[in-house]
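A.B. asks: Sequences are here, hints too, so could you generate the full structure?
Chains as they are written, first to last, in numbering that gives the first Met the number 0: chain H, 0 to 391; chain L, 0 to 391.
Worth flagging that the hints you see were computed from the coordinates, not collected in a lab.
Possibly wrong hints are sitting among the right ones.
Claimed, not checked - Facing chain L, a subset of chain H residues (Cβ under 10 Å, in silico):
#, residue
1, Cys129
2, Ser143
3, Gly144
4, Met174
5, Tyr226
6, Gly361
Unchecked claim - In silico lysine-lysine, DSS-like type, Cα no more than 25 Å apart, as pairs:
#, chain 1, residue 1, chain 2, residue 2
7, L, Lys179, H, Lys238
8, L, Lys238, H, Lys273
9, H, Lys273, L, Lys249
Even glycine gets a Cβ: it sits at the ideal position worked out from N, Cα and C.
Listed here are the chains, written in short residue letters.
There are 2 protein chains.
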Amino acid sequence: MIVCLSSSNLPKLHSSPTSSNQTTPEPHSEPQPQKLKTRSSPQLNHWSRARAIRSGRKLDRPGHRSTNTVVEGNSPVHLQLNDRASLEPEKISDGHDVVEAAKSIYMVSDGTGWTAEHSVNAALGQFEHCLVDRGCAVNTHLFSGIEDLEQLMEIVKQAAKEGAMLVYTLADPSMAESAKKACEIWGIPFTDILGPITEAIASHLGVSPSGLPRGAPGRNVPLSEEYFRRIEAIEFTIKQDDGALPQNLKKADIVLVGVSRTGKTPLSIYLAQKGYKVANVPIVMGVDLPKSLFEVDPEKVFGLTINPLVLQTIRKARAKSLGFSEATRSNYSEMDHVREELEFARSIFAQNPVWPVTEVTGKAIEETAAVILRLYHDRKNRCSMPRIAKRY
Amino acid sequence: MIVCLSSSNLPKLHSSPTSSNQTTPEPHSEPQPQKLKTRSSPQLNHWSRARAIRSGRKLDRPGHRSTNTVVEGNSPVHLQLNDRASLEPEKISDGHDVVEAAKSIYMVSDGTGWTAEHSVNAALGQFEHCLVDRGCAVNTHLFSGIEDLEQLMEIVKQAAKEGAMLVYTLADPSMAESAKKACEIWGIPFTDILGPITEAIASHLGVSPSGLPRGAPGRNVPLSEEYFRRIEAIEFTIKQDDGALPQNLKKADIVLVGVSRTGKTPLSIYLAQKGYKVANVPIVMGVDLPKSLFEVDPEKVFGLTINPLVLQTIRKARAKSLGFSEATRSNYSEMDHVREELEFARSIFAQNPVWPVTEVTGKAIEETAAVILRLYHDRKNRCSMPRIAKRY
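C.D. replies: Written out as structure tokens, the structure is:
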């Protein structure tokens, strides 16, 4: 299994991956659920959370029917697989062989780890040319919620064993310093993701950083207006998906219009997560668009277009996943139909020249989102040096 | 306006923020839509896109009824406001005064800019203690899609004028080097976000980075299995929201259960973006949960709980935004009812001890997501050193 590949210190787990805790004695793994909620000190709470996870399995027995696992934060014991592996278990063993040959990147975080993951993802984008053909296969391993030195050192040692490089986002300066020193001692290539930018901002603001990991007491998320607005935007966007409730189009900040499989839904959701109420309206050949679409401010309506060949590829995959019959599929993904529908869309866009049409071919959702948001705000405001301005 | 605050070189815009291009002559702003699709060289294409945006406004005239704006990528002219400002225009002028006093952070990217935004966001989390009370208000300005030196230098100069610090993610080494040199010459504090991690990975892999900005030819997104899986997950999750289609619970990877306003929907969406099919089922006092919930693998079901006082606060805000009547509101957000419903949920969780219960109080969506995913995978796999493993 990918996740256990480098756990050479875990014969038991390799030989019996589904074994319960009873067969895999580990420190701090004895369940004490009844104490979970009474712990207060971060350190105790920290271990109690570790126990909570372990006890999660053991609770699956009549004797414990009234003691649920209560998780109060990021646990130091944080395990995930990549989407592919988690959704395609059979790929895991297949991955095994490749992993042996692949280079490893260890990411350590005292928080969720998403920042480290995001940065490494972006950097790996610079190596697509050899990643695609697996010329330089890479395995990233994200260890999140790492809040004590003991765990940190265990991970650094493992990185040394594996010949991995280490990338870390550790808010606590002493933890970051320890990671650095350990990497230097063991000759591990390392990069501090959070440190340099935090130090630069600290000297720019003339304020010291808190040094508190995300999720630590004092780092709680306030129930800000923005928090509520984002949730409202997400809920609104879900309800409006795929042309639902056309009478609500006027309430949307952004309205996306395009034929099936131009990515309207994932794009809407991505924008909603950024706080925008988005509605999307499908263009289907021969079907009239809702009257309300032409009654809303045309400056908030955006058309999406795509290359016919790419659209056909996407639709074929879609038709297959939906189990369309040959007949239906041919109509939906047959090239003549695809071209005609795109032409139909083009004619609608031509009749509504205020709607900018964005080409989504070959773009990731977040790229299209960046284009749409730029256009959206460019129509609201003008600058010779446009920028995304945000207040903190 | 926040976006134009620092454009001291823009008297016209300040005096007439809503003026159209006709009143604000700018280089390359004459619309030539008919040429948009014929440009091929990146530089020309680059400017054609700048024109495309400009022409976007001018097309709003009968004379141009058949020429839509076609945007082929990230334009150098990229304008957004923060969600707050964009959704609450009246806050902008209010922000004006604060902005004068606030420190600025310029972020320059040759791509979407989301990586720079994500990293700066994480770093600013270390200054919450003074950001909250605006003791050290910060304005970030993200310039994305910056692909040529001319624009880059214009931005660096503006940063110098504003006394801003510069943060950049520039894939092209010569652009990054130019940014660095210019900052040194003009005495601007700067941080290279992408460079260090990219260099470290390059030497670790023994492969040179492509130096290609995101969205550049050759950086197109392949229609990978993962791409389709994510879209499928998002679409599935939207359809299952709020207890819809209980017969499909078995198809979900993760099922979230909790009372109203425990964040099931935004959490589901966040997880869906990571490729998981999520269904969420609301717990409403006195209402039976769908039978199918007890027929699915209990190891994929997760309960959510929250502090009663916090829940009441959230529900009051919710009730207000939904325009509930006093009567309805009191039932929905009245403390006795809130406590009773949470107690009802607790009893259901107690009857299903395999479901781990996650405390969401004070957690951001992505923090709760990290906890849920850790539990999810911890139940599928075991390691002494758990980690998120991902293949590239």
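A.B. asks: Please go over all the hints and tell whether each is borne out by the structure.
C.D. replies: Outcome of the hint check:
Against a cut-off of 10 Å between C-beta atoms, the interface hint on H:Cys129 holds, since the closest Cβ of chain L lies about 5 Å away. Given the 10 Å rule on beta carbons, the hint for H:Ser143 holds: about 6 Å separates it from the nearest Cβ of chain L. With a least beta-carbon distance of about 7 Å to chain L, the hint placing H:Gly144 at the interface is held under the 10 Å criterion. The beta carbon of H:Met174 is not positioned within 10 Å of any beta carbon in chain L (closest approach about 13 Å), and the interface hint is therefore violated.
A cut of 10 Å between beta carbons decides the hint on H:Tyr226: the least distance to chain L is about 8 Å, and the hint holds. Restraint check, H:Gly361 versus chain L: the minimum CB separation of about 4 Å is within 10 Å; hint holds. Pair hint L:Lys179 plus H:Lys238 does not hold up; C-alpha atoms about 47 Å apart against a cutoff of 25 Å. Using a Cα cut-off of 25 Å, the hinted pair L:Lys238 and H:Lys273 holds, with the two alpha carbons roughly 21 Å apart.
This hinted pair does not check out: H:Lys273 and L:Lys249 have alpha carbons roughly 30 Å apart, beyond 25 Å.
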